Amino acid sequence: MKDAVNILIVGVGGQGVLLASEVLSETAMKHGQDVKKSEVHGMSQRGGVVSSHVRIAETVYSPLIQEGTVDYLMAFEISEGLRALDWLKSGGILISSMTRMVPPITTIGDFEYPKDPAGKIREVLPGAKILDADKIASDLGNIRLVNTILLGVLSKSMDIPEETWLEVIKKRVPKKFIDANLEAFKKGREYSFEPVAVGE
Amino acid sequence: MKMLLSGNEAVARGAWEAGVEIATAYPGTPSTEILETIAMLVKEDIYAEWSPNEKVAFEVAIGGSMAGARSLVCMKHVGLNVAADPFMTYAYTGVKGGFVVVSADDPSMHSSQNEQDNRFYAKFAIIPMVEPSDSQETKDMLIQAYEISEKFDTPVLYRLVTRISHSKGVVNMGDREEHTPEGFERDIPKYVMVPGHARLRRKVVLDRLEKLKEFAEETPLNRWEKGSKEIGIITSGISYVYAKEVMPDASYLKLGFSYPLPEKKIREFAESVDRLFIIEELEPFLEEQIKAMGIQCEGKEHFTNYGELSPGEVMNGFVHAGILSEGVEKTYQTEKLFPRPPVLCPGCPHRGIFSALKKMKVPVTGDIGCYTLAALKPMEVMDSCICMGASIGNAVGMAKAGTEKKGVVAAIGDSTFLHSGITGVLDAVYNKANVVVLILDNRITAMTGGQHHPGTGVTLMGEETFQVDFVELCKTLGVKDIHTVDAYDLDASKKVLKSALEYDGPSVVITSRPCALMPNKIKETAYTVLLDECNGCKLCFRIGCPAIYASEEKTEKGHNKAIIDPETCTGCTICAQVCPKDCIVRVDSPAVEGART
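Chains A and B are the protein sequences, given in the same order.
Positions 1 to 200 (our numbering) are the ones given, in order, by the first sequence.
Positions 1 to 597 (our numbering) are the ones given, in order, by the second sequence.
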């Protein structure tokens, strides 16, 4: 387990978690690495939590990451980022969209959607990379680009050339959305997060 | 060539490389994508079909094998219960063309009603079992499974689990090796299982077991990996990769051929290590057999039989055994958040009919499909779910108990009805049961991702075919009181259900709206809430539509008003029909102009 790079991608059914983990895995394979990824399909596509484990190394055995050893946690929905926080290792990086998806179960009053999930994350992880990817996506004209924007952010931290990512994106997304996805990837890759003030 | 393949895709590729000619299945998570992949990529080389259920799928594949074609049948673990009848006896007759049955088990019940460990089926039927550990092995070992099947004249159980089926890994591809079928040859004592012949075959099965035991000792599918002398691990399937992550330096006996066991090899391995651990998901299948050999080993006292294993679970097991000092450590903690249970999609036709059904206040025996979600909050209008087709028999029994004076409704989907509901209706008619069978006909097998069935008019190969007419079918079965209704029309649905419940004898109610997602995504003009008129009564929340949210805005009494997401709303109108203030309207209606929404 020691040498693998572990990436956990979380979100809600329909947000493109699976496509993002496909692109990431294929990029890593193209880069000459061994890779395994795992997720559960089925009932989860009906509005449930979707999570995908991706592990990259010279040789990977387990397709599942061990709790507490995630290097990069990528959340397409902010409270799902909060929920999965305990998977992150010390020094691990969290990349999350501000996106909120409030499930019907909270409307009938049994449960509450947290008021400020981003604030809660920052309390324990001041350096969390949280961005308004919905806004960037809608500026680009398609709200469904959030996953590619976040992949762009992730790519900046990973040791794989940009061209490899772009090649795989071109191959994996539907033809008419290629340009929009390449643009979204760049926006994520070039996004500058405000530095965290020391002592805060 | 290298590709990233899921375990299911690897089965499809392996089948193609092995020269398989016939592949059959009924959809079931986590096995569904095997046949979908075959039909999508290699239908020129392999005949693939969705059968009405697993039993028929199994029997079709047997026919293929009898004609000499290498044949594949795939199902989820509980599917093998449905196919158990041909399975148990085909183990006697043996094969002509190689025959592999894929059982994809679902530890942790991600998408299943139970967690049964189908490895016992290999021992039960006395046939060999092969268990791969990742996608590469899944492809390669399937080809070997066909060789074993033909060499030993036996079906082979190929056992996967969700984490094999739905994990992807890098796979090196091979080429197809054609196995042209020789055709059927009459062999009555082999294939006609009357008692006199079956007694002879039973002997053949027992002799075959001894030969398979010898094979288990030699096959490279069972691999001894020399490591430390202190710790030896016997394991198979997905458990092997978790163990390798946690204990990379231990000695391993990895059983790719996991029934029958290589007793000599296991004994030799056990003697070569100080402590012997058996790591396996679910039941102590290996452990009990190894203990029965008189070999001392440790297993389930450390490693859970509840749910799937993981690197963390294996690590904690070794902490419990005193081998490791530290288990899983977490840097960050998370508080408990709201759950996100699966819900019926916006525009789902089940929402309408179940809203109407709720008003009937009668027991609803349920079945397997998306509509099982109606048992959950906020609808809570389904009272049982046992197995495919169970709803109708359950309703008949409940009606015969004589306690439910207002009637009993059995709710079953179209694909499930064709799978094993027809005989239930036959029972209700034959035995004059006063039940209402509600067929939720959304014209697709929805829960597993949208597969065709005999009611859709299209085959897995994409050919147009005869489309079963549910009304005519039920008439032929002898049902006199048959209704069809638009599931989006609440008043009509209530009226029809009421009439069917009042009818003395079996009734059938068939809904007519297609699934909102498949094969075509339905998107009509969205609806919106006139905020000034909303009184926060929450009735629209109670239909459990994910497009309806609580607004931040509250009424004078402090109740949240409702808002509707125009992106996800499909315009099904159910919420507008339940709104007592009539303040849910189409976004393009005149009432919206100037009003706040």
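Please keep in mind that the hints were generated in silico from the structure rather than gathered at the bench.
Being a predicted model, the structure only gives us computed values, none of them experimental.
Be a bit skeptical, because a hint or two may be false.
[Said to hold, decoys possible] A few chain A residues that face chain B, going by a derived Cβ cut-off under 8 Å, partial list only: (1) VAL12; (2) VAL49; (3) GLU58; (4) SER79; (5) PRO103; (6) PRO126; (7) PHE177; (8) ASP179.
[Said to hold, decoys possible] Pairwise CB distance ranges (calculated): (9) A:THR59 to B:PHE124: 31 to 41 Å; (10) A:GLY14 to B:GLY457: 39 to 49 Å; (11) B:MET3 to A:ARG144: 44 to 54 Å; (12) A:ARG144 to B:THR465: 49 to 59 Å; (13) B:GLU177 to A:ASP139: 27 to 37 Å; (14) B:GLU553 to A:ASP139: 44 to 54 Å; (15) B:THR89 to A:ASN142: 21 to 31 Å; (16) A:THR59 to B:LEU206: 49 to 59 Å; (17) B:ASP469 to A:ARG144: 31 to 41 Å; (18) A:ARG144 to B:LEU41: 34 to 44 Å; (19) B:LYS480 to A:ASN142: 23 to 33 Å; (20) B:GLY457 to A:ILE143: 33 to 43 Å.
The C-beta atom is built at its ideal place from N, Cα and C for all residues, glycine as well.
Quick rundown of the hints versus the structure:
Interface hint status for VAL12 of chain A: upheld, as the beta-carbon distance to the closest one in chain B is roughly 7 Å, under 8 Å. With 8 Å as the threshold, the beta carbon of VAL49 of chain A comes within range of chain B, its nearest partner Cβ sitting at about 5 Å, so the hint holds. Interface restraint check: GLU58 of chain A against chain B, minimum CB-CB distance 12 Å, threshold 8 Å, status violated. The interface hint given for SER79 of chain A is met, as the beta carbon of that residue sits about 6 Å from the closest beta carbon of chain B, less than 8 Å.
Taking 8 Å as the C-beta contact cut-off toward chain B, the hint placing PRO103 of chain A at the interface holds, the least distance being around 5 Å. With a least beta-carbon distance of about 13 Å to chain B, the hint placing PRO126 of chain A at the interface is violated under the 8 Å criterion. Because the beta carbon of PHE177 of chain A sits about 16 Å from the nearest beta carbon in chain B, more than 8 Å, this interface hint is broken. Interface restraint check for ASP179 of chain A: the shortest CB-CB distance to chain B comes to about 22 Å, outside 8 Å, so the restraint is violated.
Our hint of 31 to 41 Å for THR59 of chain A and PHE124 of chain B holds, since their Cβ atoms are close to 36 Å apart. The supplied range of 39 to 49 Å is broken by GLY14 of chain A and GLY457 of chain B, whose beta-carbon atoms lie about 28 Å from each other. Between MET3 of chain B and ARG144 of chain A the C-beta distance comes to about 26 Å, which lies outside the given range of 44 to 54 Å. Against the hinted window of 49 to 59 Å, the Cβ-Cβ separation of ARG144 of chain A and THR465 of chain B comes to about 35 Å, which falls outside the hint.
Take GLU177 of chain B and ASP139 of chain A: their Cβ atoms lie about 54 Å apart, and the range 27 to 37 Å is violated. In this structure, GLU553 of chain B and ASP139 of chain A break the distance hint of 44 to 54 Å, their C-beta atoms being roughly 27 Å apart. As the Cβ distance of THR89 of chain B to ASN142 of chain A is approximately 56 Å, the hint placing it in 21 to 31 Å is violated. Here the CB-CB span from THR59 of chain A to LEU206 of chain B is close to 42 Å, at odds with the stated 49 to 59 Å.
In this structure the supplied range 31 to 41 Å holds for ASP469 of chain B paired with ARG144 of chain A, their Cβ-Cβ distance being about 39 Å. Look at ARG144 of chain A against LEU41 of chain B: about 27 Å separates their beta carbons, and that is not inside 34 to 44 Å. With their beta carbons about 54 Å apart, LYS480 of chain B and ASN142 of chain A fall outside the hinted range of 23 to 33 Å. At about 35 Å, the beta-carbon gap between GLY457 of chain B and ILE143 of chain A stays in the expected band of 33 to 43 Å.
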